[in-house]
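2 protein chains.
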Amino acid sequence: MIPKSHPRYESLMTREKIVEGVEKGITSIQGLIAQGRGEAFDYLLGEKTSKSALQAEKVSAAVLLLAKKPVISVNGNAAVLVPEELIRLSDIVNAPLEVNLFHRTQERVNKIIDHLRSLGAKRMYTKSDGLIPGLEHERAKVDIDGIFSADVVLVPLEDGDRCKALVDMGKKVIAIDLNPLSRTAQCAHVTIVDNITRAVPNVSRAAEELKNSNDNELQRLVNEFDNKKNLNGSIEEIIGHLTFIC
Amino acid sequence: MIPKSHPRYESLMTREKIVEGVEKGITSIQGLIAQGRGEAFDYLLGEKTSKSALQAEKVSAAVLLLAKKPVISVNGNAAVLVPEELIRLSDIVNAPLEVNLFHRTQERVNKIIDHLRSLGAKRMYTKSDGLIPGLEHERAKVDIDGIFSADVVLVPLEDGDRCKALVDMGKKVIAIDLNPLSRTAQCAHVTIVDNITRAVPNVSRAAEELKNSNDNELQRLVNEFDNKKNLNGSIEEIIGHLTFIC
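Those sequence lines, one after another, are chains C and H.
Read in order, the letters of the first sequence are residues 2 to 247 in our numbering.
Read in order, the letters of the second sequence are residues 2 to 247 in our numbering.
Note that these hints are calculated values from the structure, not bench results.
Some clues are possibly wrong.
If several chains are the same, the list does not tell them apart, and a pair holds so long as it fits within one copy or across any two.
Think about it this way: if two alpha-carbon atoms lie no more than 30 Å apart in a straight line, the pair counts; the simulated BS3-like pairs of lysine-lysine are [as the list claims (entries may be wrong)]:
#1 LYS5 x LYS173
#2 LYS142 x LYS5
#3 LYS5 x LYS128
#4 LYS5 x LYS165
#5 LYS123 x LYS25
#6 LYS112 x LYS165
Between the sequences and the hints, there should be enough to build the whole structure, so can you do that?
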């Protein structure tokens with residue numbers, strides 16, 4: 002049991018959730034490695050939402066609100082770290098959830114679907130009758146009515162290859178990735194360089210604030226956003242940290 | 002199965018080895034998170050050996066060749082990532098291997114000893130009749146004839162506390178740690194900020210090149226080395242890398 006007073010309580014609790022996820026068969030064992038990687042980048046970012054990330058979160062909300070057919074992709078880490086938060090965002094921006102795993106097994110997909118439903122998820126795409134072009138079979142599987150035909154996909158902690166394949170399909174991709182250098186971060190249209198535990202609630206909050214804006218206002222926010230510049234902002238945050246130490 | 006065509010095949014295969022290690026009972030589950038943290042720093046270093054690291058690798062070879070009683074410590078991650086490479090280095094510099102685990106169980110120690118022997122390790126210290134002063138009992142266990150009485154210890158991926166305890170015993174400590182900010186990196190005498198998969202072969206190569214040098218030449222290499230400066234070099238490499246991308 003980790004005491005609430007522990008200076009790294011949040012980070013340690015997040016780690017515990019991932020370990021629990023592995024024990025429940027929801028998170029893949031590789032998810033632990035992804036968690037470790039995230040921890041390192043979060044540490045270098047000072048474990049807080051940067052100005053750049055907050056901006057990306059606001060623009061993501063606008064993109065989701067403007068979308069005709071948005072879908073939120075859920076993987077094994079997201080499913081244990083922020084299930085309620087994803088369900089809430091799904092409701093606010095009217096974007097069904099779809100389970101999409103890098104290390105895919107039908108058993109794990111079903112477990113995650115059940116897990117999300119038990120927490121109140123209503124609108125989910127659960128078929129695997131479509132294939133993303135350019136990916137090896139198992140990793141390409143998606144729902145024809147879901148990610149396959151979506152115009153906007155929010156992908157938390159996505160693999161670089163699949164992010165690129167989604168972009169190549171003409172979709173607008175929003176990624177949540179603590180590594181601003183990753184291929185996913187570099188190839189998405191909007192990259193949120195923030196811990197998923199802070200990012201999803203922040204996008205929901207922004208979506209609620211923007212909900213009554215008209216499409217022109219939302220579109221202006223999106224047009225003014227430069228993902229490359231925003232990513233550079235995050236990289237500069239890390240440089241600032243390292244320079245301070247060196 | 003990761004397709005060979007995947008652009009991050011090497012990194013993903015390394016990850017698979019750790020996962021396999023967990024499944025075999027050789028690597029601890031915490032080793033997975035450590036692996037992820039290492040991956041993040043490797044990303045930031047451009048996943049290649051920096052000039053600073055290469056220098057530290059050369060000096061490490063000199064330190065090992067000069068040692069009267071060098072020992073190479075092996076943990077659960079090292080045992081699955083670079084077992085053959087450690088055995089080879091052990092032969093070249095005449096430094097037996099000793100299994101030393103942060104999350105120690107005798108069962109896991111035995112598994113790793115068997116694993117290393119099956120791959121050809123001959124000279125190993127396998128007792129646990131000594132205690133490193135200042136550490137909690139289980140974590141303090143070492144072989145009296147091995148790490149306990151060694152003058153030089155190479156510790157790949159070591160815990161900060163234990164690194165400090167070894168230094169306090171008067172040993173010369175060579176650490177391999179991708180995080181130049183970690184306590185281990187900061188407290189070792191020679192810190193190799195490089196991926197263990199590149200570091201160990203590099204130290205072996207340098208040892209072969211230096212094998213015919215006389216002790217004065219080796220000692221000069223060691224004397225000229227400034228670990229703090231070298232670490233700052235690694236941090237600057239990261240900053241340079243980030244600045245280039247940015």
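The hints, checked one at a time:
1. For the identical chains of this complex, LYS5 and LYS173 are inter-copy neighbours only, at 28 Å across copies versus 39 Å inside a copy, given an alpha-carbon limit of 30 Å.
2. Taking the closest pair of Cα atoms, LYS142 and LYS5 come within 30 Å of each other only across two copies (20 Å); inside a single copy the shortest separation is 41 Å, beyond that limit.
3. Taking the shortest alpha-carbon separations for LYS5 and LYS128, only the inter-copy value of 28 Å comes in at or below 30 Å, while the best intra-copy value is 41 Å.
4. Proximity of LYS5 to LYS165 under the C-alpha cut-off of 30 Å is restricted to the inter-copy arrangement: shortest distance 18 Å between copies versus 40 Å within a copy.
5. In the homo-oligomer, the alpha carbons of LYS123 and LYS25 lie at most 30 Å apart inside one protomer (22 Å), although the nearest pairing across protomers, at 40 Å, exceeds that limit.
6. In this assembly of identical chains, the alpha carbons of LYS112 and LYS165 lie at most 30 Å apart only when taken from the same copy (27 Å versus 41 Å across copies).
Consistency with the previously given hints is maintained throughout, with no hint failing.
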